[in-house]
Amino acid sequence: MRRSLVAVVAVLVALLAGCSGGEQPAGAPGAPAGDGTFPVTVPTAFGDVTVPQAPQRVVALGWSDAETALALGVQPVGASDWLAVGGDGLGPWVTQRYTTPPQKLGTLEVDLEQVAALQPDLILDTRASGTRERHDQLAQLGVPVVGIPAGGENYLTPWRDQLRMVGAALGKSQEAARLQSELENRFAQARQQNPALNGATVVSGAKNTLGEYAAYVGRTGRVEFLRELGLVNSPAVEAVPTENFSVPVSRERMNLLDARVTIMQAISGNAADITGDPLWGTVPSVAAGRGIVLDDQALSNAFASSSVPGQLYALDRMVAPIAAAVAKP
Amino acid sequence: MTAVATVPEPPRTRRGAGTATTLLTAAALLVAVVASLAVGPRALPPSVVLDALTAFDPTNADHLVVTEVRLPRTLIGLLAGLALGPAGVLAQGLTRNPIAEPGILGLNTGAALAVVLAIGVLGIRSLTAYVWFGFLGAGLAAVVVAGVAGIGGRSASSPATLALAGAALTAGLGSVTTAVLLTDPDAFEDYRFWQVGSLAGRDLGIAGQAAPFVLAGLALALLCGPTLNALALGDDVARSFGRHVGRDRAVCGLALVVLAGAATAVAGPIAFVGLTVPHLVRALAGPDHRRLLPLAALAAPTLLLVADVVGRVVASPREVQVGIVTAVIGAPVFIWFVRRKRFVR
Chain A
1 MRRSLVAVVA
11 VLVALLAGCS
21 GGEQPAGAPG
31 APAGDGTFPV
41 TVPTAFGDVT
51 VPQAPQRVVA
61 LGWSDAETAL
71 ALGVQPVGAS
81 DWLAVGGDGL
91 GPWVTQRYTT
101 PPQKLGTLEV
111 DLEQVAALQP
121 DLILDTRASG
131 TRERHDQLAQ
141 LGVPVVGIPA
151 GGENYLTPWR
161 DQLRMVGAAL
171 GKSQEAARLQ
181 SELENRFAQA
191 RQQNPALNGA
201 TVVSGAKNTL
211 GEYAAYVGRT
221 GRVEFLRELG
231 LVNSPAVEAV
241 PTENFSVPVS
251 RERMNLLDAR
261 VTIMQAISGN
271 AADITGDPLW
281 GTVPSVAAGR
291 GIVLDDQALS
301 NAFASSSVPG
311 QLYALDRMVA
321 PIAAAVAKP
Chain B
1 MTAVATVPEP
11 PRTRRGAGTA
21 TTLLTAAALL
31 VAVVASLAVG
41 PRALPPSVVL
51 DALTAFDPTN
61 ADHLVVTEVR
71 LPRTLIGLLA
81 GLALGPAGVL
91 AQGLTRNPIA
101 EPGILGLNTG
111 AALAVVLAIG
121 VLGIRSLTAY
131 VWFGFLGAGL
141 AAVVVAGVAG
151 IGGRSASSPA
161 TLALAGAALT
171 AGLGSVTTAV
181 LLTDPDAFED
191 YRFWQVGSLA
201 GRDLGIAGQA
211 APFVLAGLAL
221 ALLCGPTLNA
231 LALGDDVARS
241 FGRHVGRDRA
251 VCGLALVVLA
261 GAATAVAGPI
271 AFVGLTVPHL
281 VRALAGPDHR
291 RLLPLAALAA
301 PTLLLVADVV
311 GRVVASPREV
321 QVGIVTAVIG
331 APVFIWFVRR
341 KRFVR
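Chains as they are written, first to last, in the UniProt record's numbering: chain A, 1 to 329; chain B, 1 to 345.
To be clear, the hints were calculated from the coordinates, so they are not data collected in a lab. For glycine and all other residues, C-beta sits at the position ideal for the given N, C-alpha and C. Among the hints, a few may not be true.
Anything over 12 Å on all C-beta distances counts as not near chain A; from chain B, calculated [to be verified]:
# : residue
1 : T19
2 : G40
3 : A61
4 : V65
5 : V66
6 : G123
7 : L181
8 : D235
Label-pair restraints from in silico Cβ distances [said to hold, decoys possible]:
#  : chain 1 : residue 1 : chain 2 : residue 2 : range
9  : A       : G87       : B       : G147      : 40 to 50 Å
10 : B       : V328      : A       : Q119      : 23 to 33 Å
11 : A       : R253      : B       : V328      : 57 to 67 Å
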């Protein structure tokens, strides 16, 4: 009953906004507008980008750019669905909803014509491969492109950078700062309640449909989340030289996955592919009951999103099992 | 040798030399199998490998590496090679075209398109399912090519129309595959691994799925020796010896489709093996297809397994997919044959 009332109000608000000419982007009701002064300049790996006025038509291409914009009260007109959530691209961890679902766009490859047809006035691509080629293609459209920050190549943009850049480009820096401190407080609280996590080693890995394992490097969003809890990435994984976001782990050398806690996700597969693999059981941490397989796809995706809403969702559901694993002998 | 109503046999190498060649090829295959079981990123002493096979202990991580990683890989390589070698001989013999291979008849592209559609349209993300789609695609492509080339009819089919129909279908289906991949980039990642050809990550279930097809196709192929020898003389001569050219070609074509489909489904389209192995064994054993078919069945898995072992160690700790290694090994071998001018006989 309450939900339908909210829906009716939301529709009315949307209609009124439409009638009044829609000068302002449809914001979340009650959200503070932030500082909202334009033009703003956002430093990126490809130079400073100036956004001349409050963007009305935002295209969000980077990993979790769409839900970050949404969390700041701006609904993108086009969005990439990196985690293949389906539908409007919003997983259950995102509390906001679109009034008008965005046009779904490609991820690794973006159709420029499709983007141009949306007539964007801002393109967000803050967490992506970060190649010069991708940036230059998008820049051809003559619209401000907020690309990766310096050092954010290969999807390594930290959540704070993403939040700050998207917030600045949308004129919502204050709101971004508020979200940041909200998440930081939650991390601090979790650390306080679980001091045993401090300094414990962790491996965060994934298995793809071809049965290949990989372990994420310390600068990825997943490991950053775990580091915020006080855990440290496995030194053995960190010792493997790579410029990528993960290092491959041969099924013949599963010991590389050993740590105080080993967390594994199935990429576009199901968790049974991991739990049913006899070699997974040979990892010492797993044999000791300190392996965690994220068999809930929503949780697995939220953890992978490395967005503020995704991490809030993952905090509620992952801290307890991690603490339980660390406590085991 | 009586000549009445019998196809004249091609000149044979001396019997002793022939046996020696077969034994050597079989020995090489054995060595390749042993190497495939013994070599990998994890250093395992031969005694452990032997124990894993004879006295398997499911709690022993070393044993599990052998049974879960190396054994399936070796079996997949064996199966794919068993299929690809004779398939190459069949393709070249049926089309009387020295550069024919299963791919030239559109079988690989047919299989690839079916897999891409399975990923992109049906959202299937499982290698076990790809096997069936690979089969389906190869089979459909074969039916289309055979239909266009008029196989089975009394007259119209010729090796040239067969190769042309295959080439046309390859081009057509290939562009559809590209179009699907461009519109659905997410499907691309999964397809990329399947497409490049690899023996890794395929489990025993896939080997079990494909094995009956490989064995049936192989049995049928080994019966095709006399047929191919007859066809090598040209359709008219073959017919004058009382052979049903259309029927013969359809039977051996069926063997080719089953073998090429099984190999592609099991390991992805692996370049060059089907092309180079027939030339390699022809250089060893002469033009008699009755000898070429079994020799190719021994030589192709040898090449595949050796290439796979090389791929495991050459870029350690990473692995290079066998499809890439065979292309790197296969290309120079093929060029070498071309340079020797022996290869068109």
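Checked hints:
1. The beta carbon of B/T19 sits about 39 Å from the closest Cβ of chain A, which is more than 12 Å, so the claim that it is off the interface holds.
2. Once the 12 Å rule is applied to beta carbons, B/G40 is inconsistent with being away from chain A; the minimum gap is 5 Å.
3. Not every beta carbon of chain A lies more than 12 Å from that of B/A61, the smallest distance being close to 4 Å; the non-interface claim is violated.
4. For B/V65, the requirement that its beta carbon stay farther than 12 Å from each beta carbon of chain A is not met, with the minimum near 5 Å.
5. The Cβ of B/V66 sits about 9 Å from the closest Cβ of chain A, inside the 12 Å cut-off, so the non-interface label is violated.
6. At the 12 Å boundary, the C-beta of B/G123 falls inside the reach of chain A, the nearest C-beta of that chain being 9 Å off.
7. A cut-off of 12 Å between C-beta atoms contradicts the statement that B/L181 is not in contact with chain A; the least separation is 9 Å.
8. Against chain A, the non-interface label of B/D235 holds: every CB pair exceeds 12 Å, the least being about 45 Å.
9. For the pair A/G87 and B/G147, the supplied restraint of 40 to 50 Å holds, since their beta-carbon distance comes to about 43 Å.
10. At roughly 48 Å, the beta-carbon separation of B/V328 and A/Q119 lies outside the given 23 to 33 Å, and the hint is violated.
11. Range check, A/R253 to B/V328: about 25 Å between beta-carbon atoms, so the 57 to 67 Å window is missed.
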